[in-house]
Each structure stands twice: as structure tokens, then as C-alpha cells.
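Asker: Sequence:
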Amino acid sequence: MNCFFKAQQLDHKIIENKRILLVGAGGLGSQTLIFLKRIGFKKIIIMDRELLEKNNLDRQFLLEKNSVGKSKSMEAGKKTGFKSIFEEFNEANFKKIDKIKPEVILDCTDNYETRKTINDYCKQNKIPWIFTSCIRNEGMCCLVKPWKNNSFKKFALKKEVESCTIEGVSFLALNVAASMQVQQLINLLQKKEDFDLTYFNLKNNYFTKIKV
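Using our numbering, you'd call the opening residue of the sequence shown number 24 and step up by one each time.
Any given hint could turn out to be false.
Now the in silico label distances, taken between C-beta atoms and shown as ranges [stated by the list, open to error]:
{"#": "1", "residue 1": "Asn40", "residue 2": "Asn228", "range": "15 to 25 Å"}
{"#": "2", "residue 1": "Phe109", "residue 2": "Arg42", "range": "17 to 27 Å"}
{"#": "3", "residue 1": "Asp81", "residue 2": "Asn210", "range": "27 to 37 Å"}
{"#": "4", "residue 1": "Leu225", "residue 2": "Asn78", "range": "35 to 45 Å"}
{"#": "5", "residue 1": "Leu195", "residue 2": "Asp121", "range": "14 to 24 Å"}
{"#": "6", "residue 1": "Asn228", "residue 2": "Gln147", "range": "38 to 48 Å"}
{"#": "7", "residue 1": "Asn89", "residue 2": "Lys36", "range": "29 to 39 Å"}
{"#": "8", "residue 1": "Lys232", "residue 2": "Glu111", "range": "10 to 20 Å"}
{"#": "9", "residue 1": "Lys215", "residue 2": "Asn89", "range": "37 to 47 Å"}
{"#": "10", "residue 1": "Lys122", "residue 2": "Lys88", "range": "29 to 39 Å"}
{"#": "11", "residue 1": "Lys215", "residue 2": "Glu87", "range": "33 to 43 Å"}
{"#": "12", "residue 1": "Ser202", "residue 2": "Lys106", "range": "19 to 29 Å"}
{"#": "13", "residue 1": "Lys65", "residue 2": "Asp217", "range": "18 to 28 Å"}
Lysine to any residue pairs mimicking SDA-like chemistry, simulated, CA-CA at most 25 Å apart [unchecked claim]:
{"#": "14", "residue 1": "Lys146", "residue 2": "Glu110"}
{"#": "15", "residue 1": "Lys88", "residue 2": "Asn78"}
{"#": "16", "residue 1": "Lys118", "residue 2": "Asn78"}
{"#": "17", "residue 1": "Lys232", "residue 2": "Tyr222"}
{"#": "18", "residue 1": "Lys60", "residue 2": "Ile150"}
None of these hints come from the bench; they were simulated from the model. Cβ atoms here follow ideal geometry from the backbone N, Cα and C, with glycine treated the same way.
Build out the structure end to end from the sequences listed, making use of the hints.
Answerer: Okay, structure coming up:
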């Protein structure tokens with residue numbers, strides 16, 4: 024057990040045995056994967072249908088030029104040693120996702136429709152998921168249990184969530200958002216659940232929590 028576990032007072036058996044599905048191996052997903060690997064998570068499954076493009080490299084923390092044109096998920100799997108699936112998270116793949124038996128889903132996408140589908144799947148199967156979003160210097164993170172009273176559809180507006188694909192994102196903000204996502208996961212595993220949405224703007228050094 025390393026110093027991180029001691030500081031966080033985590034049971035390493037929980038860390039090693041918890042089955043986590045990470046959806047999206049782009050800028051946010053790549054940094055989250057690095058953190059998960061360093062902490063000691065073992066049963067991580069990476070799911071992404073996209074190929075790495077050259078213009079993705081400025082916000083990619085795992086992959087390099089030799090991965091351009093290749094599957095983000097498969098290349099990220101090679102880098103981390105985690106399992107990977109070259110598939111999209113959609114209703115057509117629900118049976119494949121069922122076979123994974125995820126206990127928590129980490130949202131690292133930048134797609135509103137995919138997040139809606141994640142929310143629907145998690146509601147149906149009573150699986151917690153962690154919504155995380157970045158745009159420019161801003162970011163948001165929230166633990167969601169959609170079969171209870173907090174739901175992604177209550178606080179995420181389509182026009183706001185989709186705009187990150189147009190506006191771009193700071194790699195500094197991605198680091199902060201990934202840190203928040205992993206800490207939210209740790210809190211969940213420690214049964215210290217917090218359903219407030221955390222929002223930050225690095226340009227203004229502003230952080231706040233919002234009831235949802």
C-alpha cells in the first residue's frame with residue numbers, strides 16, 4: 024500500500040476489484056486514466072469508438088504521434104494495461120456493456136446524446152456514474168444516481184454541453200476536471216457521497232458547488 028492509499032485511508036482491495044467503465048479516451052479520459060493507473064485501479068475498461076487525430080495531440084496526455092489514425096481506446100489500453108473496447112456507448116451495445124458488469128461509469132465524453140444514454144443505462148441498472156465536462160478554462164463534475172432524485176437531465180442543457188466541441192478546452196482545465204472526477208470516485212467508494220455539482224473557472228480562479 025503506497026502513501027496515497029494511506030493518506031486517503033482506502034482499502035486497496037476495493038481499488039483493485041472495483042470494475043469501472045470509462046467512456047471516452049480523449050483529453051479528459053486520458054488524464055483520468057493516468058490518475059487511475061497511478062492510484063492502483065486494476066479493473067478499468069476503456070470504451071471509445073473514435074480514432075486519434077493529429078489535432079487531438081495538444082490535449083492528449085497518454086497518446087503520441089505514432090498513435091494518430093489508430094483507435095483511442097485500444098491505444099490507451101496498451102499504454103495503461105487496462106482492457107479496452109472499440110465501440111460506441113449506445114443502446115445497440117447495451118448487451119455488450121451488460122457483459123462488462125460495470126459498478127461505476129466515468130463519463131469522459133463531450134457528447135450530450137452519449138451522456139443521455141449513459142444516464143438512461145445507469146438508471147435502468149442502478150449504476151452510479153460521474154458526469155464530468157470541460158470547456159475553455161471551465162469545468163463541471165457531479166456524481167449521478169439517476170434512479171434516485173438527481174438526474175443528468177435536470178442540470179445539463181444540450182446547448183451548454185455540446186459547445187465544448189466547438190470552443191476548445193485548456194489542458195490545465197482538463198487536469199483539474201480529471202482530478203475532481205477521480206476524487207469523486209474515491210468519495211463514492213468511501214461512501215462519502217456528494218451530489219452537488221462542482222463548477223470551476225480557472226481564468227477567474229473560481230470554484231463553487233451548486234445544488235442540483
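Asker: Please list, smallest to largest, the hint numbers that this structure does not respect.
Answerer: 1, 4, 5, 8, 16
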